[in-house]
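2 protein chains.
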Amino acid sequence: MHSSKFFLSTLKEAPADAEIASQQLMLRAGLIKRVAAGVYTWMPLGLRVLKKVEAIVREEMDRAGALELLMPAVQPAELWQESGRWEKYGPELLRFKDRHQRDFVIGPTHEEVITDVVRREIRSYRQLPVHFYQIQSKFRDEIRPRFGVMRGREFIMKDGYSFHAGFHDLEREYGKMHETYSHIFTRLGLAFRAVAADTGSIGGAGSHEFHVIAETGEDDIAYCPDSDYAANVELAEALAPATPRPAPAASLEKVATPGKNACADAADFLGIPLARLVKTIAIMPEDGALTLLLLRADHTLNEIKAGKIAGLAGFRFASEAEIEARLGALPGSIGPVGVDRQKVRVIADRSVSALSDFACGANTTGFHLTGVNFGRDCPEPELADLRNVVPGDPSPDGKGRLALCRGIEVGHIFQLRTTYAQALGCCYLDESGQNQVMEMGCYGIGISRIVGAAIEQGHDEKGIVFPAAIAPFQVAIVPLGYHRNEKVKAEAEHLYDELRAVGVDVLLDDRDLRPGSMFADMDLIGIPHRIVVGERGLRDGTLEYKGRRDAEALTFPATEARQFLAARLRQD
Amino acid sequence: MHSSKFFLSTLKEAPADAEIASQQLMLRAGLIKRVAAGVYTWMPLGLRVLKKVEAIVREEMDRAGALELLMPAVQPAELWQESGRWEKYGPELLRFKDRHQRDFVIGPTHEEVITDVVRREIRSYRQLPVHFYQIQSKFRDEIRPRFGVMRGREFIMKDGYSFHAGFHDLEREYGKMHETYSHIFTRLGLAFRAVAADTGSIGGAGSHEFHVIAETGEDDIAYCPDSDYAANVELAEALAPATPRPAPAASLEKVATPGKNACADAADFLGIPLARLVKTIAIMPEDGALTLLLLRADHTLNEIKAGKIAGLAGFRFASEAEIEARLGALPGSIGPVGVDRQKVRVIADRSVSALSDFACGANTTGFHLTGVNFGRDCPEPELADLRNVVPGDPSPDGKGRLALCRGIEVGHIFQLRTTYAQALGCCYLDESGQNQVMEMGCYGIGISRIVGAAIEQGHDEKGIVFPAAIAPFQVAIVPLGYHRNEKVKAEAEHLYDELRAVGVDVLLDDRDLRPGSMFADMDLIGIPHRIVVGERGLRDGTLEYKGRRDAEALTFPATEARQFLAARLRQD
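Sequences listed follow chains A and B, in order. So that you can map any letter, position 115 of the first sequence is 111 in the working numbering, and since no number is skipped, the others follow by simple counting. So that you can map any letter, position 105 of the second sequence is 101 in the working numbering, and since no number is skipped, the others follow by simple counting.
Since the hints were made in silico from the structure, they are not lab data.
Since the list gives no way to pick one copy over another, a pair counts as held whenever it fits inside one copy or between any two copies.
Below, a list of computed lysine-lysine pairs in the BS3-like style, where the Cα atoms sit at most 27 Å apart:
#: 1; residue 1: Lys1; residue 2: Lys29
#: 2; residue 1: Lys339; residue 2: Lys301
#: 3; residue 1: Lys172; residue 2: Lys1
All figures in this text were calculated on a predicted structure; none of them were measured in a lab.
Next up, chain A with everything else stripped away, as it sits in the complex (with noise of 0.2 Å):
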């Protein structure tokens, strides 16, 4: 493709509401121009960049055996209203009535469309299993969109259903997309994780989503770097600490700590490490008797943990007041030591239950007590995982140690098992000739998402870093003079038809424009190899090559361009 005669529009500045760095620079290169809010034209550039990731992920998925189909945008409200998501799903979901007054949706997703397809054609446990997928534009009418296309509301996505006879079949169907996903992600060139979804326990998990790592992505992942394990911070697992809980070596004894109410003066003051202070937070479950967790200084509560512990579901923090009432102390002075087990509940992470000599609040307001042990001073706690993980925690799966990340979602798997067959009636005969409800996976990729997501991930001052899988072209041939020196253009235009020749996508810059604007564009766009022809260059015989990463351009001969290229190309 010749410049001139493809629609290169960038801009000096993004616009002052685009939010973050890929908006930004997606609307900076051209790749997108907005229509309404989260609704956006995707030009020819950007639509390079997407027709890229689809393919690699419609190869992958035929790999896998899916079956790719085309359902309608548009879908008839009986549907939704047979599933009982017409009742239940919020506002983002687009209604309307057609002109004859029946009510439609326009479909954020398929479930109901795919079953209905499958409950009509599949009589018998010999046309199982089935997986079909489609790459179709959807609509969520997202109440604040944002960041461009990461949270649009016209969006493309990648939507697969399986059907199974058995979970055992979904199960092994589930395994593989797992693995194809890793392999569309692998080849999209993104670092990336997938991440339970659910308990964060391995095998069985019913539920798996896939994020690119990225500084600003929205979501933090814990994962350790020697193994696959990756779970969403807030499901992560915190072990019990595997060393046992020394025995007790100082007394206990009550300090005045005045003022000294946040955990890191308290522990100052005392001269300990925060590892070593035991904060204590009170709250009241929905029965009513108060509750402390207790959880070491330098740890923070994971209220989704605490969340499922038995009688804690729906708690909420104690008020000054009732803790005064209770414990007789303010907040930043309270702990288990002398509370009245009747009537409160003491719970503590499991990393307290392994300090020995350790400070907490003395339930009098402005003193603490050290040396506190459990067992001598006050009764053993009940244990439970209470916490946050945090980087060098033991990894679940015991294969190493944990780091944090953050990650955007774009992709998810996910056993549905019989949630909407058995509500559509999408049923099937099994080898005994019984009826059986039909077990159901889905499997969803952000198509549009994904490029946001790759340029959040790849990006620098001079714009966007494309992975080279997907960048809208793999080399820019920059010419020095084309329009002036007959021989630059010559050589360029010869460069332009040998590496097509052999199937590279390559841009030639034939606009009249200085080179340094050249030079900016074409780092701008993200293309990741760039061919400088110049006059004096010429005059030795050589050309120019710079990679988007690349700190400084190097010459090689001109004779060996093709060469040179492809071998740059095979290391991408």
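Following the hints, complete the assembly by docking chain B onto the known chain A.
Relative to chain A, chain B alone:
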């Protein structure tokens, strides 16, 4: 692809409400499944056809230098208000409010969105021309969706929009698109005609429809087999006869023709051909003066042409009472002789003016005149093109004689000129720095409609006969006894691998069915080439071949399978 891993789902009978052949066959062959009125799921088999159509359209549009982009389906009402179509468009335009009560439409077309993009992006004549296109699902809320994908509500279009500095450049692009569309429909393997959609005059036509020729088409087309001329029958000009009117030879006679009011009866009774009998049609223009239209009895009135004659816009047919009151005779007996030209206007079709010694009604009920001659027996009438063309009429381009056929509109190219650009203020600075409104063209192809049209054009009693370029598979291998005979299986798999290795799109029917069922399915879904691998043939070292349109199968040496098929595929 192996049938066992694909999803074939054919039906013996089409649903009772399927009205036309393509709809019946698409449902029977399992290309589509109905989701709601005019809304379908494209099953894997149908999607293969759709994608082949898409790929050819995309390739040719790219080759013509058009740039693909992707606009959103959802469009803000503001743009439609700016263009004025928010009010003008009927209930086919699906309007909805989002959760913030803002008005949107689901785009049935994208003139507004693309004009908005271009007015923001393009400032100078140096950036023109540009031609953007997209391939996308659209929605039109038809009052009565019917004929399957031929008149559905959700459908897939290629829509392109070009922008120009000046009308001449629009004309250039329009000509290029005329050519490009011709390439596309030729490559699709369809018999088609480009039909002038306005006056049918040659040169400067601002609109052409591309029709796939099919008996079941909704449009009547007149075309010249010896040239490119084609027009809707309503618009095709009937030229004046080239030979001058012969001199009068017979004398005027008044003949009793009791009860012979119908033309055929009167001509028969008078012993003359229909072509020498003139029928007289009485109409009332809006301003009230009775007008007589004279046509040869073997011709039919073209009301569109009549309505374009000065003074006749909005005419209606005169009632029997009006005719009797003004002419003194009943409708079957009226004619031009003896009428008061001060009160009655008389307009003859050009072919009537070429007659001498003709017959017509006598303006006396139950009587005709014979040997009538203009100039001698009554004043010369006004002349006009009043009739529909008939086969054998001279082609308006002077290059042969017209034939008639029926067509299905699958493409449309249109010179929009400045309508939208003016309304939306889409301007550029010309070479002299003056602000000018852009000229626009638009170019549509009904991607999903083409699949239906191809089937209307290509089907027989066994099912679909797809053109090779868009058949879901090019070749079907049908093994007889795949599950019982190792040799048959091995040979079938070997042939499958061999064909796939050279890029042939092949389906191996490895289902455990009776041969008759497999043959019937392969015929129904329209695979152009079928190879049968049977035990008996293998004993002689032969395979059996049958083209989809062939009456008889033939055998050929198994060792020459690849070459044999290559030769057949080359003929496609």
